[in-house]
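Chemist: Required output: the full structure, derived from the provided sequences and hints.
For the sequence shown, our numbering assigns the number 1 to the initial residue and increments by one for each residue that follows.
Think of the hints as simulated: they come from the structure by calculation, not from any bench. Possibly wrong hints are sitting among the right ones.
Capping the alpha-carbon separation at 20 Å, the derived lysine to any residue pairs in SDA-like fashion look like this [stated by the list, open to error]:
no.	residue 1	residue 2
1	LYS87	LYS133
2	LYS137	SER19
3	LYS87	LEU55
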Amino acid sequence: AGDLSVDNVSGLGEKLKISPLMIGLGVGALASVPELLVAIKSVFTGASDIGIGQLVGANIAHVFLILGATAAIAKKGITKGKGLGWKFNTYAMAGTTLLFGGLIGTGALTPPVGVGMCALAAAYLGANFLINKRDAKKLGVDPKAFVHSHGDDDHDHHHDQSVTAQIFNSALSI
Numbered sequence: 001a002g003d004l005s006v007d008n009v010s011g012l013g014e015k016l017k018i019s020p021l022m023i024g025l026g027v028g029a030l031a032s033v034p035e036l037l038v039a040i041k042s043v044f045t046g047a048s049d050i051g052i053g054q055l056v057g058a059n060i061a062h063v064f065l066i067l068g069a070t071a072a073i074a075k076k077g078i079t080k081g082k083g084l085g086w087k088f089n090t091y092a093m094a095g096t097t098l099l100f101g102g103l104i105g106t107g108a109l110t111p112p113v114g115v116g117m118c119a120l121a122a123a124y125l126g127a128n129f130l131i132n133k134r135d136a137k138k139l140g141v142d143p144k145a146f147v148h149s150h151g152d153d154d155h156d157h158h159h160d161q162s163v164t165a166q167i168f169n170s171a172l173s174i
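Modeler: This is the structure we're talking about:
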C-alpha cells in the first residue's frame, strides 16, 4: 500500500510540476492524519486524554522506530549529522517537547494556543523545507532520490523494489 501510494503521489506531482521535496513533505504530513482524527474525536467525546496519550505514544514510537531502524542498518552507526537540517530538527523537537510538557502541565492547552501551535507547525515545515533543500545542495545529494527513485527515466515500468527497500538501500549507500 505504501509503495502504491508513493508511486501515485509522485507521478501526480510530476504531472503537476510539484517539487519532489514538497511531495515528500506532503506525504509526511499526511501520515499524521490518523492521529489527528483520533485526537479530534476524543475531544468531541470528552476523552481528550485518549487523544493526547495516542499522540505522544505514536510520536515516541515513530522516533524510536525510525532512528533505531536507521542506526541498525547503517554500516558504522550514526555518530553525527551533516548540514543544518539535523541540528534544526533536534532543536525543534526539544523545544516542542518542552512546550508541550509545559502546556499539558499547566493546563494551558486552549483553542488560541492550538491555533498558535498550528502556525508553528506551518513555520516549521517551511523552514525545514528551505534548510533541507540547502543541505541537499551543499552535500551534493539530489533530494529527488529520497522521495521517489525509478533508477531510469521510464515512468511506465513496474517497480521491483518496495519503498522500504529503496529507503534502506539509500541509507546503506550514505
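Chemist: Could you tell me which of the numbered hints above are not met by this structure, giving the numbers in increasing order?
Modeler: Structure breaks hint 3 only.
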